[in-house]
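**Q** Each chain, written out:
Protein chains: 2
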Amino acid sequence: MNVFVIGIGLIGGSFAIDIKAAFNEAKVYGIDNNTKHLDDALSLGFIDYKSKIDDLANADVVVIAIPVDATVEILPSILDKVPDNCLVFDAGSTKKKLCNTISDHKKRRNYLAVHPIAGTEFSGPQAAIANLYRGKTNIICEVEKTAFKLQERGMEIFSRLGMRIRYMDPGSHDKHIAYVSHLSHISSFMLGKTVIEKEKNERDIFDMAGSGFASTVRLAKSSPAMWAPIFKHNKENVIETLEEYIINLTQFKELIEKDDFSAIYKEMENTNHIKTILKGIV
Amino acid sequence: MNVFVIGIGLIGGSFAIDIKAAFNEAKVYGIDNNTKHLDDALSLGFIDYKSKIDDLANADVVVIAIPVDATVEILPSILDKVPDNCLVFDAGSTKKKLCNTISDHKKRRNYLAVHPIAGTEFSGPQAAIANLYRGKTNIICEVEKTAFKLQERGMEIFSRLGMRIRYMDPGSHDKHIAYVSHLSHISSFMLGKTVIEKEKNERDIFDMAGSGFASTVRLAKSSPAMWAPIFKHNKENVIETLEEYIINLTQFKELIEKDDFSAIYKEMENTNHIKTILKGIV
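Chains as they are written, first to last, in the working numbering: chain A, 1 to 282; chain B, 1 to 282.
Hint data in this document are derived by calculation from the structure and do not stem from the laboratory. Glycine residues also receive a C-beta, built at the ideal position from the N, C-alpha and C atoms. Careful, some of the hints might be misleading.
[What the hints assert, rightly or not] Quick partial rundown of chain A residues pointing at chain B, CB under 10 Å, derived from the structure:
1) Asp104
2) Val180
3) Ile246
[Stated by the list, open to error] Beyond 10 Å from chain A on every Cβ pair, some chain B residues (computed):
4) Met1
5) Leu44
6) Lys96
7) Asn100
8) Glu243
9) Tyr245
10) Thr250
11) Tyr265
Bound-form chain A, shown alone (with noise of 0.2 Å):
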């Protein structure tokens, strides 16, 4: 099984590390604009050959591992190269405008739109790291525009990483994954940007803040060149999420002006209910 990584970072590479230890005889090529990064993944030992984009013809696999806006660009053209036989897919965190873009594609049927719900705040190949996937959600959407013996490639990729599937429209996961994905990065990168701004002596920051801040903090870390792209694919529904989260934020501040802190109280004690939604979520 001949497997094109395009895109040896973090999601990409960690895709790879885990194919080749779930198939054996899986031959795993990347691609990457970065030669830097190609050459890490080769040293790392997760991809066997450095490839180009012109060697698809040989591809049983190709999995996608880039900034969405690059996804959208170059998809239809990945499309052309490959075989027939060949399964595509994404794992891009916004889904309708990719479906979108190769809808009338004559190719569609070997594309299956993915999104696993797995990653770490860093990025590129160094990051990379085996069983990502296990036990995480993968979101895929227009499953049924897919050739049936491709989705069964697909789904015996995933069931051996240790995934959930989950199926549905791009439409609702665009729109879901704003409030429970991109919405917590931007809460995190304004945090952070709050917090930088105010404390110019950085000592204080370190020496005063605990694991709270860390923790809500922790997205702030995350790669501009992927999350830039997202939040232009998914704008309306970015837009919606903000809007509402700053109106509870000022709801919430408008609370305390007014010393109302038995409203303070109820407002947190039925957002504790939280804990019980996020049980069993690592």
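Chain A is fixed; fit chain B onto it per the hints.
**A** Quick look at chain B alone, frame taken from chain A:
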């Protein structure tokens, strides 16, 4: 050494556990309005005796670990009751109001204003753990107003518990801590609220939420009984941080609306700098 711990929850209980481990001769007396908590602390073995405020005449050390508004209310009468050579310290997340309240108390020199930057999102005696304070920052305010011998006793305790000491005035403490702690809690609570409001179908949140959301919303599990009084005490500073946070979020939203994704990129890239600042925080 007779140590009285008022408030046998996460913070007080963890002090009890570590002080018992670090001082062979320590006897720990627990005081709590919640009799169930007292019974739990006794059966968990981290207090030796259940006790009452009126027994404080025998105290060598009093640790106050109750919500900050309750501490302000009770601290003067605690100082009235303790013997002349007794050290009283609290562990509250705001310091200015507390220091002001007892500034003219005749036993001011028995009090040390302390804020250990340590905790988890859990509460109650079951949440108390050993070594919670090891390697953590302990902020001490107005140290010069505490009797030298009692400063020394406090330092001996904090040193054996493995804490790093930092001295600050109460006003600066409250201002900085609003940024690195209080704002994180509100951003997390309101993130939880925004997502819960939207996602009535909780299965969907659970299945789509990854470790990023879990981390950012972790503090929304915190105790309202502890946090409502903190926001009340630190009202002005908290409002200021919230205003700046809301401005930054609104500006980020406007950049998305204007499709200025290169500015979005730069905002995130600048904030990535938090990596360096956070290095070393657990």
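**Q** Run every hint past the structure and note whether it holds.
**A** Consistency of the hints with the structure:
Checking Asp104(A) against chain B: minimum C-beta separation of about 26 Å lies over 10 Å; hint violated. Here the hint on Val180(A) is kept, as its CB sits about 4 Å from the closest CB of chain B, short of 10 Å. Evaluation of the Ile246(A) hint against chain B yields a held restraint, the C-beta minimum of about 5 Å falling below 10 Å. No beta-carbon of chain A is positioned within 10 Å of the beta-carbon of Met1(B); the least distance is around 28 Å.
Every C-beta of chain A lies more than 10 Å from that of Leu44(B), the closest at about 22 Å, which supports listing it as non-interface. Once the 10 Å rule is applied to beta carbons, Lys96(B) is consistent with being away from chain A; the minimum gap is 15 Å. Every C-beta of chain A lies more than 10 Å from that of Asn100(B), the closest at about 18 Å, which supports listing it as non-interface. For Glu243(B), the non-interface assignment is contradicted: its Cβ lies about 7 Å from the closest Cβ of chain A, within the 10 Å cut-off.
The Cβ of Tyr245(B) sits about 5 Å from the closest Cβ of chain A, inside the 10 Å cut-off, so the non-interface label is violated. Listed as outside the interface, Thr250(B) is inconsistent with that label: its C-beta sits roughly 6 Å from the nearest C-beta of chain A, within the 10 Å cut-off. With a minimum CB-CB distance of about 4 Å to chain A, Tyr265(B) fails to clear the 10 Å threshold, and the non-interface call is violated.
Figure legend: structure checked against the earlier numbered hints; hints not met, in rising order: 1, 8, 9, 10, 11.
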